[in-house]
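Just so you know, the sequences run in chain order A and B.
To convert, note that position 144 of the first sequence is 144 in UniProt numbering; the numbers rise steadily by one, no gaps.
To convert, note that position 208 of the second sequence is 208 in UniProt numbering; the numbers rise steadily by one, no gaps.
Just so you know, not all the hints are guaranteed correct.
As the list claims (entries may be wrong) - Listed below are the simulated DMTMM-like cross-link pairs for lysine to aspartate or glutamate, each with C-alpha atoms no more than 20 Å apart in a straight line:
| # | chain 1 | residue 1 | chain 2 | residue 2 |
| --- | --- | --- | --- | --- |
| 1 | B | Lys126 | A | Glu53 |
| 2 | A | Lys81 | A | Glu53 |
| 3 | B | Lys218 | B | Asp155 |
| 4 | A | Lys103 | B | Asp155 |
| 5 | B | Lys126 | A | Asp171 |
| 6 | A | Lys78 | A | Asp56 |
| 7 | A | Lys81 | A | Asp155 |
| 8 | A | Lys81 | A | Glu29 |
| 9 | A | Lys103 | A | Glu67 |
The set of hints was computed from the structure by calculation and includes no laboratory data.
As a plain string of letters, each chain reads:
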Amino acid sequence: MSATSKITVATTWLDGCSGCHMSFLDMDERLIELVQQVDIVYSPLVDTKTLPEQVDVGILEGSISSEDDLEKARDFRKHCKILVSLGDCAVNGNVPAMRNHFKLADVVDRAYRDTVTVQPQTPTQGVPALLSVVKPIHGVVGVDVFVPGCPPSADAIWYVLRELIAGRVPDPSAVTRFGA
Amino acid sequence: MPLPAKQPNVRVVTLNIDGRDLSAREDETIIEVCRENQIPIPSLCYLEGLSVWGACRLCLVELAGQGRLLAACSTRVAEGMQIQTNTERLQRYRRTIVELLFAERNHVCSVCVSNGHCELQHMAQKCGVDHVRVPYRQASYPVDSSHEMFRLDHDRCILCTRCVRVCDEIEGAHTWDVMGRGSDCRVITDMAQPWGESDTCTSCGKCVQVCPTGALVKQGTSVGEMVKDQHFLPILARRRHPQ
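Excised from the complex, chain B in its bound form (with noise of 0.2 Å):
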């Protein structure tokens, strides 16, 4: 979902979000909205300043008069809404979507780089996930270490897609793309060739500080000292798109 173009002049709506009566911009999504107003909602694809994926499914919340869950991220606010953004039931969604994510590839936090520092990592102590319920897929994915600043490692990555959007749509490089479906989909620089012989990278380094976890890290780090600092995504976003 592309980035909507702010409106000059727009309406605004009320709605109830955890029993607050809120104001929005009509033009505002459900998880803007939340932020806005301090109240928690767990993400790892969704990420200030890129394109709405809606892939995760963590930011999912509880809409009065609808059976479907909808999805914060991807669902614009409108007047009367009624939200629940913390039931028990979107607790052990959530904490067993995070499960999913650990048992398909291998992220052993314990020696990774980003240790200390991963969203992901945060996300399952956030959601209680103290084990994995479900057995671990125990899967082979490589990594590619070809590139001389960065490397790639996909059993860390959970296919957040924020590496090909930010490359897209700030960078404007599109080097990174997703290639195969199911436990097979992985992220690709150019035409599914190494790292390091893409034509199209500028080694520009945002694919790797927007990146949840340790899955794209810079060369000659060591566990846990991959800090990643994205400062900078609101500021460029907001002079890719004015306002």
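Excised from the complex, chain A in its bound form (with noise of 0.2 Å):
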């Protein structure tokens, strides 16, 4: 099979623990078939740094938590086919989300400040700024298929990515669920 008839896979993380992308890697043997099948252009597994202009299927771990993470949501909704949510954080916004609780500035304090005892002060350079409300990714671009878990099995998301590739929408509630 040539290159160019293979499906491009764009794949990044947000506000997530990247357990998702381990239960990826977690096909294990499987991901020797996927390769003949789609070439994974930008994502943490590979070296690509930028995203190219077109992808077929997008992935996206993790919730909308900061400005890079939003940012990152509209390059992805803009440059791919199919957007994928991979995961609760991704779903519903999950532990990342229970903040929502509480004021931007009290989390940030608890963080940065009222737990530290040597030098505490919070950082502001080469750090996104913290959206006050982690939402999940459909929260703000608009997204294909969602596929529940914490995390998704590897099976899950080898069923998900085999439909994806034949064509076909797939049905992620046959094969996981939230908190899964």
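Using the hints, put the two chains back together into the complex; each one sits in its own frame.
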């Protein structure tokens, strides 16, 4: 199979723990079968630094918690034909969204001042500004496929990718659920 | 609605559910007939052995000739009824109901002691809720850990009132009740005192076992460890309401 007939896939990791990407790697030997059919063109798993102009499938892990997350999600929406929310943080906010019960200033103080004994300071340089409310991906951009789970199992990710490669619309509720 | 006392001589009616011709005692409800005949009807507030509440609306069914939908748990069967239990419209409504439950409070399944054993989580998967289309309310609800054996997390409560009913009808303590309206509605112990200070609670734990979610749980359980056992309920219910 020539490289051009392969489906291009981009992934990135917003406010999550990387567990969904770990679960992706957990597909084990099936990854070899996968690379026959897809090209991973942008991802924490590969070296590319920029998102190509046109990608077939974009996969986002994590919730929208910072300006950077928001920008990446918009970028993915703009350049990807199909956008997939992978995992509970992307699908429903999950643990990152638990800070929504508190004021952002209180959350930052808790992390960088209240619990720090030596030179407490709030980082402002080289880090993206946090948003006051954490949202799931579909709270800011349209999403085509939702794959809940914390993390979704390798089997669930495999099923979803196989369906997408075959040009079908996957039904993730058949294989995964919130908190799975 | 109190549990109807079973009459010794009761008429049998015939009705049609999802194209199947069935017969049933006329004092039965639609949900009872469906369960007897392995016709799946989703529900969260209904529990065999407790009185009927009709709050969750998941068991809504379509009755031919009726414009409005009927709750299968609180509707008695009648001769000649033509019922549909799983139309596209009902599926759409059920999905929306479950989504609204998730959006109202903070059911973070991944860090819940009931993860994997939760009726709401199971319902979401069954109804195809792979995301919630309405914005989350992001309101904060308290946790009551004052009881030495049990814990109450209002964030995970869906107000099914199973705890209220089992405490009143089976245990006979009536420790639980409901306070407030709308999104402020919550279950309370005694006169909205901390659970641990309740004079009436017998610490029997029936409320914990019948709770469909991680709202009422045992102290000391970790993620996914809270497995509930409701086998006692039909047995005790039969003894409380001799037939």
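Hints and how they fare:
no. : hint                 : result
1   : Lys126/B to Glu53/A  : 38 Å, violated
2   : Lys81/A to Glu53/A   : 11 Å, holds
3   : Lys218/B to Asp155/B : 16 Å, holds
4   : Lys103/A to Asp155/B : 18 Å, holds
5   : Lys126/B to Asp171/A : 12 Å, holds
6   : Lys78/A to Asp56/A   : 11 Å, holds
7   : Lys81/A to Asp155/A  : 23 Å, violated
8   : Lys81/A to Glu29/A   : 27 Å, violated
9   : Lys103/A to Glu67/A  : 17 Å, holds
Checked against the numbered hints above, the structure breaks hints 1, 7 and 8 and satisfies the rest.
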